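Use the sequences and the hints to build the structure in full.
Protein chains: 2
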Amino acid sequence: MAEERAVGTPVLRRLNTAAVLRAVRDCAPEPVRLAELVRLTGLTRPTVGQAVDGLVEAGWLQQHDPAAASPQGGRPAVRVSLRGRAAPVLGLDVGPHTVSAGIDDLAAHRLAAVRLPVGRTGAGRLLGVVDEAVGRALAEAGLGADEIAAVVVATPGIVDPASGRILLAPSVPGWTSVNLSEHLRGRFGCPVQVENDANLAALAVAGERSGAGTLLAVQWGERLGAGVVIGGRLHRGTGSAGEIGFIRPPGDVPDTGDGRGPLERAIGAEAITERARRAARDRPGTALQAGGLDAAAVFAAAAAGDEAAVRVVDEVAASFAQAIAPAVLVLAPDAVVIGGGVARAGSVLLTAITRHLGRLTLTPPVVEFSGLAEDTVLTGALRLALDEVWGRLPV
Amino acid sequence: MAEERAVGTPVLRRLNTAAVLRAVRDCAPEPVRLAELVRLTGLTRPTVGQAVDGLVEAGWLQQHDPAAASPQGGRPAVRVSLRGRAAPVLGLDVGPHTVSAGIDDLAAHRLAAVRLPVGRTGAGRLLGVVDEAVGRALAEAGLGADEIAAVVVATPGIVDPASGRILLAPSVPGWTSVNLSEHLRGRFGCPVQVENDANLAALAVAGERSGAGTLLAVQWGERLGAGVVIGGRLHRGTGSAGEIGFIRPPGDVPDTGDGRGPLERAIGAEAITERARRAARDRPGTALQAGGLDAAAVFAAAAAGDEAAVRVVDEVAASFAQAIAPAVLVLAPDAVVIGGGVARAGSVLLTAITRHLGRLTLTPPVVEFSGLAEDTVLTGALRLALDEVWGRLPV
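Protein chains in written order, with full-length UniProt numbering: chain A, 1 to 395; chain B, 1 to 395.
What the hints contain is simulated information worked out from the structure, not anything from laboratory work.
Owing to the predicted nature of the structure, the values given are computational and were not obtained by experimental measurement.
Any given hint could turn out to be false.
Reference excerpt, derived from the structure (chain A facing chain B, CB under 10 Å, subset only) [unchecked claim]:
| # | residue |
| --- | --- |
| 1 | A226 |
| 2 | T238 |
| 3 | S240 |
| 4 | F246 |
| 5 | P250 |
| 6 | V253 |
| 7 | R265 |
| 8 | I324 |
| 9 | A325 |
| 10 | L329 |
| 11 | A332 |
| 12 | D334 |
The beta carbon of each residue, even a glycine, is placed where N, CA and C say it ideally should be.
Next comes the structure, spelled out in structure tokens:
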């Protein structure tokens with residue numbers, strides 16, 4: 001302790017310590033002088049000193065040796081910075097085809113990143129790949145499982161926020177019968193949180209945008225889902241918020257019996273390809289070829305002005321806009337940000353969606369593609385894990 | 001000051017004062033002893049004493065004379081309570097047919113309530129009734145305009161949250177050209193906030209439910225709108241959140257050219273009556289009579305088992321459920337609470353809506369009628385005004 005007597009009550013000391021820790025984080029990775037912390041927190045010098053001492057003792061901060069006397073010739077200033085390895089976090093993105101694992105330190109520096117393909121399908125096999133990815137990430141970071149401060153796992157499907165149980169996951173057969181959170185809790189000594197992948201992608205997208213407004217972040221590829229972020233925080237509602245794949249678009253959408261929602265069946269990447277195939281059959285002169293078509297080819301042909309392709313893209317954009325318009329009216333988001341495979345479609349899809357939403361809503365949101373790549377979901381998982389750690393104060 | 005030396009920094013003193021004030025409010029209307037405040041806030045006795053002294057001096061708290069020695073024969077305990085008239089707030093509900101004004105004190109006791117009919121239509125006439133209602137409410141409470149600490153005004157239409165300007169208000173001709181907030185700011189010396197009426201009704205409904213979840217509170221009569229409350233706070237989005245009247249239901253809805261939205265034109269109280277008239281024409285044997293029909297009569301006939309009436313109610317319920325289902329999927333609310341004239345429909349409508357939403361969503365919310373009566377919007381306005389005052393701390 002820097003002072004003989006503790007300043008304030010336990011509650012206040014806790015608040016002061018949190019304020020000092022956050023101020024040091026905001027300055028990271030630069031070490032920061034105590035005088036600067038006094039300015040940033042509005043706390044007195046003795047209060048800051050006491051908080052810093054406690055944080056250094058608890059291993060959250062590291063003290064830097066005064067390098068030299070200050071230019072004014074005064075006493076060399078003590079500087080402190082985050083001790084990153086004090087509370088590293090692990091994120092997992094468990095998909096039907098790939099499992100990614102990453103470890104970040106407290107200052108959000110990536111200590112490890114592992115990406116493993118999932119060969120055969122099935123829940124048991126997938127759980128094995130999860131274990132392997134975790135093991136490799138820990139080895140790469142040189143950490144033991146007991147050193148990890150928080151784990152967040154992204155999974156497709158609907159997750160019960162209270163228990164972490166997966167309630168519905170059409171894309172992974174048997175996945176709902178596996179208790180993923182319990183399995184991981186057995187390995188780690190820290191909180192383990194299981195979260196829907198589109199929700200975590202939404203958090204990552206919100207972090208990129210750094211605005212405080214309302215965001216509908218859509219993941220649109222073979223799967224179709226969304227996450228809602230309001231004021232930088234994930235909106236879960238009763239747990240399944242953002243499940244736009246289950247919106248019922250106008251017209252008849254045959255049930256494929258695989259548990260996928262009607263809108264996903266109508267405008268997922270697979271459906272876009274199928275629509276293009278039909279268009280190619282009906283119009284032999286189109287640039288759309290019946291063989292080797294995928295969603296990317298459709299968007300490319302539309303961008304080049306092919307009439308049939310433009311019509312397919314417009315149909316898809318109209319269905320998407322009609323489906324989400326009621327939610328846009330109720331939520332009034334600042335932006336609809338689209339990620340996933342379809343985000344590579346280019347401006348032809350974006351322009352069409354913007355036009356249709358403008359017609360269907362009162363204050364149309366900005367519609368844009370997410371700049372984030374295939375590690376968006378993992379980034380969101382690590383972000384939530386760090387938030388969890390920062391929410392727990394080391395006092 | 002109770003102590004010679006102020007405890008803590010200015011920032012901490014502010015936080016402490018806020019904690020003490022909120023603790024006193026939570027105990028209201030009962031006066032509370034300082035020892036109890038120490039227990040409730042976790043602050044030390046000198047800190048609580050200092051905060052109480054400051055609050056009494058600023059006029060927010062009143063000190064009660066120690067009534068008698070305590071049963072144990074010790075020193076009589078000082079007790080404090082809110083000084084209600086320290087910061088009274090004024091709420092207004094400005095509708096095309098009625099203007100209501102109310103004044104609450106800091107402890108949410110109603111000091112005045114006035115309700116005036118609006119004879120002729122038109123923005124100028126309406127503004128005159130507003131002024132009259134304000135004057136009468138102030139007189140009833142025995143207060144001057146300069147004693148009011150916050151004003152919140154409910155209006156139909158879409159309000160720009162930044163400027164308080166009314167951007168769209170189909171039900172009051174000329175209302176968008178009146179600068180209501182500027183007009184009232186000229187009369188009061190305090191913050192004046194203009195807010196959409198459905199939003200304020202939502203706040204009132206959320207207050208009744210006292211849950212911390214997500215709520216879609218629908219106002220459904222001649223007008224159709226909704227407010228979204230998340231964790232006890234109004235969700236505004238970019239400003240126009242909750243405008244369900246503008247959702248486009250399936251099928252063709254002729255534009256009536258009066259600025260009302262498609263869903264409002266399809267299932268507002270007027271449209272329900274019109275649907276019943278058509279049903280009565282097509283089926284002469286029905287209990288629905290072509291003359292003297294209104295929405296209430298339709299619901300009564302359906303409750304009595306009249307086949308044509310049941311069909312009309314089911315159509316209306318299906319249209320409502322289909323329209324809001326995408327928003328329910330995205331928001332995952334705990335409850336959809338319906339207020340306004342249609343809330344008198346009884347269980348026949350509620351049952352049908354619940355059935356259709358169950359079919360269209362993943363985790364269907366509870367659907368129920370609001371227990372609040374015609375002063376719901378005014379209650380919400382006063383609630384927001386009190387929140388505004390509590391958000392400003394007297395230090």
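Hints and how they fare:
1. A226: Since chain B brings a Cβ to about 7 Å from A:A226, closer than 10 Å, the hint holds.
2. T238: holds (5 Å)
3. S240: Where the cut-off is 10 Å and the nearest Cβ of chain B is about 5 Å from A:S240, the hint holds.
4. F246: holds (6 Å)
5. P250: Hint on A:P250: holds, closest Cβ of chain B at ~6 Å, below 10 Å.
6. V253: violated (13 Å)
7. R265: Check failed: Cβ of A:R265 comes no nearer than 15 Å to chain B, outside 10 Å.
8. I324: OK, holds: A:I324 within 10 Å of chain B, min 6 Å.
9. A325: holds (7 Å)
10. L329: holds (5 Å)
11. A332: Constraint on A:A332 satisfied, holds at 3 Å.
12. D334: With Cβ-Cβ at 6 Å, under 10 Å, it holds.
The structure does not agree with the numbered hints 6, 7 stated previously, though it agrees with the rest.
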